[in-house]
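Fit chain to chain and form the complex, with the hints in mind.
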Amino acid sequence: MDLFEYQGKQFFAGYGMPVSPGEIAFTVDEAVAAAERLGTPVMVKAQVHTGGRGKAGGVKFAATIDDVRTHASDILGLDINGHVVGRVWIEKASDIAEEYYASFTLDRSARKHLGMLSAEGGVEIETVAEQNPDAIAKIWVDPVDGLDEEACREWVAAANLPDAAVDGTVRIMLQLYTAYVEGDADLVEINPLILTPEGEVHVLDAKVTLDGNSVFRHEGYAAFDETQARDERETAAHAGGLQYVGLDGSVGVIANGAGLAMSTVDVVNQVGGAAANFLDIGGGANADVMAGALEVINNDPAVRSIFINIFGGITRGDEVANGILEALSRVQIEAPIVIRLDGTNADEGRAILEPHLSDTLAMASTMLEAAERAVELAGAAAVGA
Amino acid sequence: MSIFVDETTRVVYQGLTGRQGSYYGLLNRDYGTQVVAGTNPRKAGQDVDGIPIFASVADAVAETGATASCIFIPAPGVHDAVIEAAEGGVRFIVAITEGVPAHDEARFYNRLKRDFPAVRLLGPNCPGIISPGRCNIGITAGHIALPGGPVGIVSRSGTLTYQALYELKQKGIGCTTCVGIGGDPVPGTSFIDCLEAFQNDPETKAVMMIGEIGGSAEEEAAEYISQHMTKPVSAYVAGVTAPPGKKMGHAGAIVSGGKGTAVAKMDALRDAGVLVGLNPTEAGELMAGIVAGL
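Residue numbers (our numbering), protein chains in the order written: chain A, 72 to 456; chain B, 108 to 401.
What the hints contain is simulated information worked out from the structure, not anything from laboratory work.
Please note: incorrect hints may appear among the correct ones.
[What the hints assert, rightly or not] Which bits of chain A does chain B cover? Going by a derived footprint, with three or more residues having C-beta under 8 angstroms, they are:
no.: 1; stretch: 106-119
no.: 2; stretch: 289-299
[Stated by the list, open to error] Ranges of calculated distance between the beta carbons of each label pair, as one might list FRET restraints:
no.: 3; chain 1: A; residue 1: P204; chain 2: B; residue 2: Q334; range: 47 to 53 angstroms
no.: 4; chain 1: A; residue 1: G128; chain 2: B; residue 2: I299; range: 46 to 52 angstroms
no.: 5; chain 1: B; residue 1: R221; chain 2: A; residue 2: E297; range: 36 to 42 angstroms
no.: 6; chain 1: B; residue 1: Q277; chain 2: A; residue 2: V155; range: 47 to 53 angstroms
no.: 7; chain 1: B; residue 1: Q277; chain 2: A; residue 2: A451; range: 28 to 34 angstroms
no.: 8; chain 1: A; residue 1: A222; chain 2: B; residue 2: G139; range: 46 to 52 angstroms
Values in this document were obtained by computation on a predicted structure and should not be read as measured data.
All residues carry an ideal CB built from backbone N, CA and C; glycine is no exception.
Pulled out of the complex, with its shape left as it was, chain B reads as follows (with noise of 0.2 angstroms):
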C-alpha cells in the first residue's frame, strides 16, 4: 500500500497547457500515472497530447472521474485553482507553485479545513508525490526511487527529497510513498499528517523525515513519534550553520532568535528515539542500519 495516492488515482492538471504544466504532466503519465484531463477555461476542447482541455475541474471530474489534481498555475492564481479544485470535487490536490503569498496560503488551508475537511492539500511549493512503481505526481524524477517499500519518506525540502530517495537506491531499499511537504509556512500537509498515515499504512515499516530550520514542524513531528509512532524514524535537518535571521531560499526557512534552529530540532527528534544523520548520507546510512534490523 502507499499513502494518499496508489496506481487508481485519476489525476487533472490544473496549468496542463502551460510550459511546466506540460512538461511535467506528460513525464508523469509517461511514468505510468493515469493523468485524465487538463484545465484552461480558453482552451476547453482542446487537448495536450491526447489528454483532454476541460474548462474546470468541475467539468474534468464529471467526464473524466479524476479523484486528484495537480497545480502548476503561476502563484498569483493558486489561492483561486485550490478553491476550484475542491469545488470541483477532487480529494487530494497537489500545488506544485512556488511563490505563493504566505496570506493566501492561510486563507486557502483555513477555508478547506472548514468548508471542505476530507480535501487533502499538499504543498505548495513543494515537488510533489510519488509512490514508486505506482503514481507521480508532481516534479519528481521518478527513476531515482525504487518501488517496494519497506521506508516512507517524508520531505520539507526538494532537491534533499531526491537526495533521500537517490541515497535509498543505491543501498537496494525502495519506498512505499515520498511526500514532499513543500517549505512553505503554511503547508496543506504537515510532517505529522505523514508520519500518521505512514503509522497506518502496513506496507510502510520505517520512515525517513528531512527537515529544515525555520518554524516549530519538526519539533511538533518529534512530539508526534515519541506519543503515536511504534515504527523505527531516521532523519537530517539541514541548516545546521545557517546564520539567524537569513533566509535561505524557502519562504520557511529563516532562523529567529534562538527558535527554530537546526540544532534544537536535531534534539528534539533524537530525544523523541530518532536516529539523526548529520547528513543526508548518514541519514541514509542510518536507515539503511534500520532497515537491515528489520
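Here chain A stands alone, though its shape is the one from the complex (with noise of 0.2 angstroms):
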C-alpha cells in the first residue's frame, strides 16, 4: 500500500520524526483556510501515488495567500503522468540549507534490511547511484538484531555529512528504522531529509510503502487501502476480493494461479493481442468466483474477446467446467470466449463443455491455441464494432 506524502509524514511523525505542520485539502477554499491557519509562506503539494510531481508543476511555493489560490486551483486537477490530483498538502514552507537522502527497504538478495544514505539528496536516488556510486552510504541490518546507535552511527558517518547534521541524522535513522519495522513498511524513504541554515535536520518529504499483508496487526491501516491507485475496473474487482490489474488491450483474461494468470497474459501479446487485464481466480475456480470475475471483465468496455485459463489441479477439470457453465448462467456476457481447461480430469471438464460450444464460445487445448483463437475473435469484433 502506497501512502501519500502526508499520510507518510504523519506515519512518521507518530515515531517522532520531525516534520512541518501542515493541512489535507480537497478544495481550492479549503487549501486557503490551511494557508491562513499555518500562515504563509507555504508550500502547495500535490498528493499522488506517482514521482516526478515538481516537474509536473505539482509543487509551488505560495509567498501569500493570493499565491495559495492561485496554485491550489492549478494543481488541483492537474494530471500528473495519468493521475489527477484530488487533494493538496498545505505545509509551512521551511527553509534549506543542504538536502540529503535517506531510506529503509528490503534487500532481497541479501535477505537483510538495507539503509541508503546520501549526501547528495533531493534528486533521483537512482541517477546518483549510476553516476556516483560512492556517496551513498549503505548498511545492512539484520532483522533479528536491529539497528543500535553505534552501528548507526557509523553508518551516519560514512555518507559524509556537515558535522551540524550528524547527531539530528542519528537520531532520524534510528527513528526511521523503528518505524520501518515496527509499522511493516516495505520502503521508508526520507528525499529530501534537510538541514535548515539554523541547524536542524527535519524531514521534508515522505515516500512510504506499507505491507499489505500485515494489515492484521495494524489497526489504522485499512483506511490507506481505500486511498489506493486504482481505475474503475480495479476498484470493482477489489471490491469483490479479485487479484485484479487493469491493461490496456482487448483481451479479458481469467487465470488460476499468479503465475499461469501472468504467463496467459504474456501469451496473449506473443500471439500479437495485449491483454485488458491480469486476473488471478485462485485455485479453486468455483461458480462464485468464476461468476464474479467475468462480470468484471463484461463491464469492461475495451474488453472484445475473453480467454479463461483453467489449470486443475486439486480442484478438476469437471468442477471447473460445471463452475464455468454457472457462472455463465447467471452472468449476461457480450464478448465472445476461448476457454482452454487443462490437468485434472480435464477430457471430463471438456466433454461437460463440448455440448454448449457455439459461435461465442470455443474451446482450445493448449494455451497458445487458445490464445490465438482469442486474439482472432477479439480483433474481428472490433471490425465488426
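Given below as C-alpha cells:
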C-alpha cells in the first residue's frame, strides 16, 4: 500500500520524527483556509501515488494567500502521469541549507534490511547510484539484531554529512528504522532530508509503502487501503476480493494462479494481441468466483473477447467446467469466450463443455491455440464494431 | 534419489486440525507421504482420521520421530510456527501459508540461519515439494506428476509448477523432485539451493526452472548455473508484458524501474547457456529435447 506524502509524514510523526505542520485540502477554499491557519509562506503540494510531481508543476511555493489560491486551483485536477490530483498538502515552508537522501527497504538478495544515506539528496537516487555510487552510504541490518546507535553512527559518518547534521541524522535514522520495522513497511524514504540554516535536521518529504500482508496487526491501515490508486475496474475487482490489474488491451483474461495469469497475458501478447487485464481467481475456480470474475471483465468496455485459462490441480476439470457453465448462466456475457482447460480430469471437463460450444463459446486444447483464437475473435469484434 | 525429501521423510502438520490442513494432510497421506502427526495445543490427545495430535512440534518429534513439518497455520501465526518447528527438532520445514508479512519472513529466515543452520525452510507462500511416487508435502495434486526422473523442477509460481509437471508427464518424462519455492520476498529456499541439490543428485539429469518478474533471484541463478552447473537447464520466466510498478498477485512479482524484468532475466539465463522457452509449453518442449539427447 502506497501512502500519500502527508499520510507518510503523519506515519513518521507517530515515531517522533520532525515533520512540518500542515493540513490536507480537497478544494481551493480548504487550501486557503489551511494556509491562513498555518501562516504564509507555505508549500502547496499535489498528493499523488507517482513520482515527478515537481517537474509536472505539482509542487509550488506560495508567499501569500493569493499565491495559495492560484497554485491550489492550478494543481487540483492536474494530471500527473495519469494520476489526477484530488488533494493538496498545505505545509509551512522550510528554509533549506542542504538536502540529503535516506531510506530503508528489504534487500532481497542479502535477505537483510538495507539502509541508504546520501549527502546528495533532492534528486533521483537512481541517478546518484549510477553516476556516483560512492556517494551513497549503505548499511545492511540483520532483522533479528536490529539497528543499534553505534552502528547507526558509523553509517551516518560514512555518508560524510557536515558535523552540524550528524547528531540529528543519527536520531532520525534510528526513528526511521523503528518506523520501518514496527510499521511493517516495504519502503520508507525521505528525499529530501534537510539541514536548515539554523542547523536542524528535518523531514521534508515522505515516501512510504506498507506491507498489505500486515494489515491484521495494524488497526489504522485499512483506511490507507481506500486511498490506493485504482481505476474503476480495479476498484470493482478489489471489492469482490479478486486479484486484478487493469491493462490496455482488448482480450479479457481469467486464470487460476498468479503465475498462470501472468503467463496468459504474455501468451496473448506473443500471438500479436494485448490483454485487457490480469485476473487471478485462485486455485478453487468455483462458480461464484468465476461469475464474479466474468462480471468484472464484462463491465470493461475495452474487452472484445475473453480467454479463460484454467489448470486443474486438486480442483478437477469437471468441477471447473460445471462452475464455468453455472457462472455463464448467471452473467450475461457480451464478448465471445475461449476456454482452455487442462490438468486433472481435463477430458471430463471438456466433455461437459462440448454440448455448449457455439460461435461465442469456443474451446482450445493448448494455451497458445486458445490465445490465438481469443486474439482473432477480439480483432473480428473490433472490425464488426 | 530425490532432493530434500524421500519415502523415509516423516511429517508433522502444524494446523492439521484446520480445514486446509486436514484436507491436504490427508491427501498427502493418501499419496503415500508418512504423515505421522499433527499439532494443536488445544487438541492434544485427539486425532485426525487416526493421525495423533500433539501440543507442540517438540512433543510430536519425541513421540513419532517426525523429521519434517508442514505449516498450514494462518499468516499471523507463521513466524512462531516456523521457530517452534526448528526448536522442536525437525530438519525440514514447508510453509504453505500465503500472506505472511515480509518483516516476519526476514526475521525467521535470519533466525534459522543463525541458530538452526542445519534446518531448511521451504516457502512461505509455496505449493510445497513433491518427489513423485515417494513423498508429497503440500498442495500439489500428486497424480499430475510422473515418477522416476530424470528431470528436477524448481519454480517460483504455483500453477506454473503444476503446468510444468503436467507438460512433462504428457511427454512421458518423469520428475525426481519438484520444488515450489514460492513467490514471496524472502523465500526460505532459493533457486540456487535447489540447483545445487539437483547438481549433486545422481538421479537428476536435467533441471527445469520457472521464474517470474521481480527481484533478482533468476539473475543470481543464471550466475550460479554458468559457474557450477554441468547438467542442462531449461527455463521459463512469466511476466514479459507486466507493466512496471504493478503488483501481479504475488508479493514478489513486481517490477520497479528497469530491474527484475522478465526480459532481463531471460537474457541472463540464455547467457548462462539455459534453453529459455517463451511460454510453459515451449519450455516443456525444450526439456523434452534435452531429455531425448541425454
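Here's how the hints hold up against the structure:
Evaluation of the coverage hint for the stretch 106-119 of chain A: breached, as 0 residues show C-beta separations to chain B shorter than 8 angstroms, against a requirement of three. Only when three residues or more bring their CB closer than 8 angstroms to a CB of chain B does the claim for the stretch 289-299 of chain A stand; here the count is 0, and the claim is violated. Distance hint check for P204 (chain A) and Q334 (chain B): the Cβ-Cβ separation is about 25 angstroms, which falls outside the suggested range of 47 to 53 angstroms. Distance hint for G128 (chain A) and I299 (chain B): a CB-CB separation of about 47 angstroms, consistent with the stated range 46 to 52 angstroms.
Separation of R221 (chain B) from E297 (chain A) is about 40 angstroms and conforms to the stated range, judged on CB atoms against 36 to 42 angstroms. Q277 (chain B) and V155 (chain A) have their C-beta atoms about 49 angstroms apart, which keeps the hinted 47 to 53 angstroms range intact. Separated by about 31 angstroms at the C-beta atoms, Q277 (chain B) and A451 (chain A) satisfy the suggested range of 28 to 34 angstroms. For the pair A222 (chain A) and G139 (chain B), the beta carbons lie near 50 angstroms from each other, so the given range of 46 to 52 angstroms is met.
Comparing the model with each earlier hint shows violations of hints 1, 2 and 3; every other hint is respected.
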